[in-house]
Amino acid sequence: LGKRSSAKADIFSKINIIYTFDKECNEISLDIMQGHANLILLPSSNTSSAYIKEKYEEVKNIYNGMGCYIGYIADQYFSAELDALSCSDYNRSMKFARIVLQIMPEGPEGISKIFVLGKLVSHHVKGAIIMRFIFSTIDKEVGPTNPLTRFTANILGSVSLNDYASRQPMIMFFPFHASWQKFYPRLGFKPSEHIPKEDAVWTYLSGQKTYLCNILESFSVPATSKAICNYLRVAVNDPRMIDLSIEFITRPVLIDRIMS
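Position 139 of the sequence shown, counting from 1, maps to 139 under full-length UniProt numbering, and the rest follow consecutively.
By construction, these hints were calculated from the structure, which means they are not laboratory data.
No false leads were mixed into what you were given.
The list that follows gives simulated cross-link-like pairs (lysine-lysine, DSS-like), each with its CA atoms no further than 25 Å apart: (1) 113 <-> 8; (2) 226 <-> 140; (3) 119 <-> 53; (4) 197 <-> 226.
Using the sequences and the hints, build the whole thing.
Structure (structure tokens):
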């Protein structure tokens with residue numbers, strides 16, 4: 001029994017589970033210290049074994065029923081390890097993205113839950129987070145000090161924006177928001193300055209008509225309307241973007257949604 005930095009009492013411990021499989025010793029080590037929880041899973045010689053999965057499930061179920069933050073952390077780590085045994089990297093990233101996008105509507109209170117899901121390394125997941133934040137704040141007053149703004153700014157800072165493959169999923173939705181420059185001042189854009197027309201992201205956007213229309217259709221009517229208006233202002237007089245601009249203002253499903 002110890003105390004947190006806030007002087008509140010808490011339990012800190014070190015748990016080591018050692019088991020033998022195929023004549024080799026394997027270990028699960030959970031260190032719970034003040035301010036940190038470190039879970040180490042040392043893989044066996046046969047990580048796809050149903051026996052190992054069963055043991056993971058047993059320990060996971062124990063922590064799942066604790067009903068406390070430490071139990072939640074342990075449960076998330078074991079879930080991640082079980083996913084690693086049964087899913088491909090792509091499927092894991094897709095699942096991770098779905099969970100994160102479900103948490104984000106909780107606002108700043110949900111950020112801590114995202115951190116305990118695991119390392120945020122996939123550009124697909126990072127891009128999905130940026131997209132959700134951009135579209136969810138189009139019709140809201142959000143400043144650069146907002147926790148979600150700072151969270152997404154840190155995500156941008158973790159990506160090499162000099163590389164197009166990394167940059168494209170991060171910034172492709174900026175043209176739909178009127179204040180993205182204020183959210184991310186470190187990118188060096190003035191409030192009225194937009195992504196250069198020479199950037200390849202514009203070419204990519206022009207080929208994503210159906211995808212973008214489906215995204216816009218899924219959001220609230222005010223957000224959809226503002227997103228289209230913001231985009232039209234940015235893309236005006238750009239011949240490369242005429243097709244996409246016309247698509248936004250003539251597609252029946254978007255017109256019906258806005259008029260409803």
